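Going line by line, the protein sequences match chains A and B.
Quick note: the first sequence uses the working numbering, first residue 3, plus one each step.
Quick note: the second sequence uses the working numbering, first residue 431, plus one each step.
Fair warning: there could be bad hints in the mix.
[What the hints assert, rightly or not] Residues from chain B shown here face chain A by an in silico Cβ test under 10 Å; the list is partial:
#: 1; residue: Met431
#: 2; residue: Ala432
#: 3; residue: Thr578
#: 4; residue: Ala584
No wet-lab data here; the hints were simulated from the structure.
Given the structure is predicted, the values throughout are model-derived calculations rather than measurements.
Think of the CB as a built atom: it goes at the ideal place given N, C-alpha and C, for glycine as much as any other residue.
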Amino acid sequence: MLVMTTKGEMDEALLEKKTGTIDNENETINWVEYWLEDELVHRSVDMVLKKYTVSGLPVAASF
Amino acid sequence: MANTQAMCTSFLGELLTATHNFGTAPTRGSGAADTFKAALYLATATIDASTTAYTSTGEVTSANYTAGGVAVTNATAPQSTNTSATAGTAYWTPSASIVYGSVGSPVTFASFDCVLIYNSTQSDKAVSVHTFTAQTVTSGTFTLTMPTNNTTNALLRLSTT
């Protein structure tokens, strides 16, 4: 599989792949990194929003 | 039977569709939904409740990222639900994930932790600010998957209690 990197498309087999997950109250984050020796050449993030505290609570209190 | 003081839940939903106008509002050319966009901001930016409109100050920059961000898919109209005789919630959530970059057109973002939803039809006026754990992207993509569109999780919620 080819991976888009800072050096152009590279064969995944040439790279070290790292993945991780961050899970908290607001979101679940899955990230994938590809490293060429000690250099980060690709990082993508997939973030799933769960719930936001941003809202109009409570508007009835304005009566 | 008894009457109960309340702000009508239908009104909350109608606020999200500009049905009511208590002041001077923009003249609308049609009844179509406005176009909303989502712009990303660096962790060093200052985007908050005082933000009144989209700004490029503090916005991420990258090849394959156009200032102003991307359009939000809006295929589901706002909804409102009563939760009691005195309370209810109106809510809306984009109907698809917000995606920056693609395999063929990757993006590179320095540390960012915020997305601003704004109305590009109405002079880029701000709607809401959503922060998250700071991330970077390197020659990749950033996908923001929306929360469940309901009274407790929707991206935008107007509630009475």
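**OP:** Please verify that hint: alanine 432 of chain B, Cβ, nearest Cβ of chain A, below 10 Å or not.
**Re:** 18 Å, violated
Subject >> Interface hint compliance - methionine 431 of chain B to chain A, C-beta minimum distance less than 10 Å >> reply: 21 Å, violated
Original post:
Taking the least C-beta to C-beta distance, is threonine 578 of chain B closer than 10 Å to chain A?
Top reply: 8 Å, holds
Subject >> Interface hint compliance - alanine 584 of chain B to chain A, C-beta minimum distance less than 10 Å >> reply: Cβ of alanine 584 of chain B sits 8 Å from chain A, so the hint holds.
In this structure, the earlier hints numbered 1 and 2 are contradicted, and the remaining ones agree with it.
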